[in-house]
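Enquirer: Listed here are the chains, written in short residue letters.
2 protein chains.
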Amino acid sequence: MSLWDPRAVVATKRDGKALDAGEVAAFVEGYTRGEVTDALAAAFLMACLLRGLDPDETLALTRAMVASGDTVRFADLGAPTVDKHSTGGVSDGVTLVFAPIAAAMGLAVAKLSGRGLGHTGGTLDKLESIPGLRTDLSPQEIERQVADVGCAVAAQSPSLVPADGALYALRDATATVPSVPLIAASVMSKKLAVETDLILLDVKAGSGAFMKTPEEAAALARACLDLARGWDRRAVAAVTDMSQPLGDAVGNALEVAEAMTVLRGDVGGRLRELALAFAARAAGELLGLSPGEAAARAARAIDSGEALERFRRMVEAQGGDGRVVDDAWAILPRAKAIFPLTSDRDGVLASVDAERIGLASGALGAGRIRKGDAIDPAVGIVLHPKVGDRLEAGARVGEIHAGTEASAAGAAADVLAALTVTEGPVEPPPLVHGWLDGLD
Amino acid sequence: MSLWDPRAVVATKRDGKALDAGEVAAFVEGYTRGEVTDALAAAFLMACLLRGLDPDETLALTRAMVASGDTVRFADLGAPTVDKHSTGGVSDGVTLVFAPIAAAMGLAVAKLSGRGLGHTGGTLDKLESIPGLRTDLSPQEIERQVADVGCAVAAQSPSLVPADGALYALRDATATVPSVPLIAASVMSKKLAVETDLILLDVKAGSGAFMKTPEEAAALARACLDLARGWDRRAVAAVTDMSQPLGDAVGNALEVAEAMTVLRGDVGGRLRELALAFAARAAGELLGLSPGEAAARAARAIDSGEALERFRRMVEAQGGDGRVVDDAWAILPRAKAIFPLTSDRDGVLASVDAERIGLASGALGAGRIRKGDAIDPAVGIVLHPKVGDRLEAGARVGEIHAGTEASAAGAAADVLAALTVTEGPVEPPPLVHGWLDGLD
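Keeping their order, the protein sequence lines are chains A and B. Using numbering that gives the first Met the number 0, read the first sequence as starting at 0 and increasing by one per residue. Using numbering that gives the first Met the number 0, read the second sequence as starting at 0 and increasing by one per residue.
Not one of these hints is a red herring.
Some residues of chain A that are not near chain B, with every Cβ distance over 12 Å (derived):
{"#": "1", "residue": "73"}
{"#": "2", "residue": "143"}
{"#": "3", "residue": "154"}
{"#": "4", "residue": "158"}
{"#": "5", "residue": "265"}
{"#": "6", "residue": "302"}
{"#": "7", "residue": "308"}
{"#": "8", "residue": "315"}
{"#": "9", "residue": "321"}
{"#": "10", "residue": "331"}
{"#": "11", "residue": "367"}
{"#": "12", "residue": "406"}
Pairs of lysine to aspartate or glutamate residues, derived as EDC-like cross-links and limited to a Cα-Cα distance of at most 20 Å, are as follows:
{"#": "13", "chain 1": "A", "residue 1": "211", "chain 2": "B", "residue 2": "14"}
{"#": "14", "chain 1": "A", "residue 1": "385", "chain 2": "A", "residue 2": "426"}
{"#": "15", "chain 1": "B", "residue 1": "385", "chain 2": "B", "residue 2": "354"}
{"#": "16", "chain 1": "B", "residue 1": "211", "chain 2": "A", "residue 2": "14"}
{"#": "17", "chain 1": "A", "residue 1": "370", "chain 2": "B", "residue 2": "4"}
{"#": "18", "chain 1": "B", "residue 1": "211", "chain 2": "B", "residue 2": "354"}
{"#": "19", "chain 1": "A", "residue 1": "385", "chain 2": "A", "residue 2": "343"}
{"#": "20", "chain 1": "B", "residue 1": "385", "chain 2": "B", "residue 2": "426"}
{"#": "21", "chain 1": "B", "residue 1": "385", "chain 2": "B", "residue 2": "345"}
Computed Cβ-Cβ distance ranges for the label pairs, DEER-style:
{"#": "22", "chain 1": "B", "residue 1": "133", "chain 2": "A", "residue 2": "33", "range": "32 to 42 Å"}
{"#": "23", "chain 1": "A", "residue 1": "370", "chain 2": "B", "residue 2": "172", "range": "22 to 32 Å"}
{"#": "24", "chain 1": "A", "residue 1": "33", "chain 2": "B", "residue 2": "427", "range": "47 to 57 Å"}
{"#": "25", "chain 1": "A", "residue 1": "17", "chain 2": "B", "residue 2": "371", "range": "33 to 43 Å"}
{"#": "26", "chain 1": "B", "residue 1": "168", "chain 2": "A", "residue 2": "328", "range": "52 to 62 Å"}
Source of the hints: derived by calculation from the structure; they are not laboratory data. Just so it is clear, CB atoms sit at the ideal spot from N, CA and C, and this is done for glycine as well.
So here's chain A without its partners, still in its complex pose:
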């Protein structure tokens, strides 16, 4: 029997006092070893949520979580390494576009993703809509692929930060998710466990994001950057708009297809702009390019076809059918029923309830409610108008890709209900609310 009573740690936080690093580490270790019960850990999480954690406590929590599992250190990949993480949004295909652009610019993109819950699939789910593609790469496979191709997007191993997996599931089960320090520790533990030269954070703000305002998103970004600084890791964060879906496509194969149009240079728009902005920022940080030069090189990676080629090679290296870049819909699964979506109103699009659109896509089968749920890669929503665009009643604004006509009708009604129109002109929201630098 241990003389140490983990209840004392909970009582200290409950009473609003700061914990020292040793107390936090002992508590997390005890939880990982099964000596601290789920109930005591849940009381701890609620106390942390309501009393807060200061930067030192948050760092200690993150360190303890990283220490619960393996860490990844890649062999020399011949190029500076970059990892990118988005806090999640609707039609957030940035990684699919960013990774091959950055690779084409001479960076090594080694991205390990978790397979989180969400109304829309995660990056792994999107990639896996490409027939044959696998994401369960070994560290050696990742190293070889990144050295050859410049980018790899793979599933993180269960031995990476197991305490985060356990604590996240417990938070989901106990209404203790919405805490900035707990979210920051969860996000950053998985980034800090993988050694890269730069961490890029895309912290979303708006109706389709967990953080509803740019101010809340900035607070989360700062908490994440504080952790990177405490770890002596270079990181930058952008607070970006999620007040509407970023691209036009919401769904797994649909978002891959849209990424292909962006990588081919066929379309402009906010998805392209944001992926270019992250690639340029990474090149500026890691290759010493000026902002103007970095932006020009990023655009050139698309225009030259080099980024598209990197994507093809990444898909092929991971066992997928590389012809997806030539003719996406010859390769990707197609929904049984595709219905046009027409506007029921005249006016200027003033705002979008992006979460509602994400949920509508999830209801079609594109996301999962419980861990392990199967998803349908083919279904989803395409919605073209962005805030500030004019709608005309009866005009086509997109498509519903569904398994049945009934589910399509439900999704169409949800999408239209998620749109608010007005008479006057509407200024589009900024795409990037601001950048925060980790070594400020």
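Guided by the hints, dock chain B onto chain A, whose structure is given.
Expert: Then chain B, alone, in the frame of chain A:
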């Protein structure tokens, strides 16, 4: 699968909003049925502790706890019924003295006790130090005994307020004990599940009590009385001194023996005074006596020997050896080793760390740390001086009743370390800080 998500209840309280009675009831029912996990309930308890519960929420919680089990309604016992509860202290033998006095005055005392945790035993443990005495009485046995003798002290059935048992164990395990509304709901659920005409609450304040100040104790008393009022039950509470052990004896058989000396009228002091005060208050409430008349009748119950006789008959009705009232130490178990306790200092006793004395008695074997631990009925501490008394170095101040010389030495050192002396005169603390009336 239920559409109701109990996490929403926790999220509401987490966000500082009030719960309605239906939400509280559904949550407690869900916990009792095993649909709400310990982890989610622990998060709920921590949110309640940190966000607070208003009187309506506390009443709803108490109602839901009572509804989790059976309730007790005695047949007509021929006299007004009274229940008494103490929040717990050191050398708190009030029930042992109060019950037979009240019975002698024509009241029916039906007291159901839980077998709580504590450094010193509870009332059931004390009574069970009398050879043969049993406390597992059926409701019919209790009714018959109260009708015959006027008093019964029995163990509450496990079917009475099972939600309290489960929630209390969870609070103990998750550092969520110190919350006034949660304590009040726990205390009062067990009192409200048993129908009596009056509930007497002894809310202790001081170094030997959970509430360290009279103000904190008064807040708990008010929360308990609010619940009684919400239930339309008559209740009165006294905030009483626990800044030092109430009587001289700390231990199970030792406290029974001390109660016998009080019931015989051999000694005065604070234990006698407080038991008389509660009996007089109960008689005033239930028999319509004036305070002066009630006090005189209570004292007469001792002086006439009638209270002692009631105690004998109660013990015999419960299977115990009634000769304990004639010669306690001929009947009660005696410790192997009894050591004199002598003062190591000259001065006036200024304060006592009563909890430390309770813990020292517990370390001798008089209390239990875990549910189900065995206790030694014979061991304990006798300490005569009260705050304001003069100590002389080398003079005998009490005794240690122990199993071994080594444990006695440890207890003696602890008791002396718990005493603070000063030079000047010290005013003794008031015995009763104040009375609060439930129907104010």
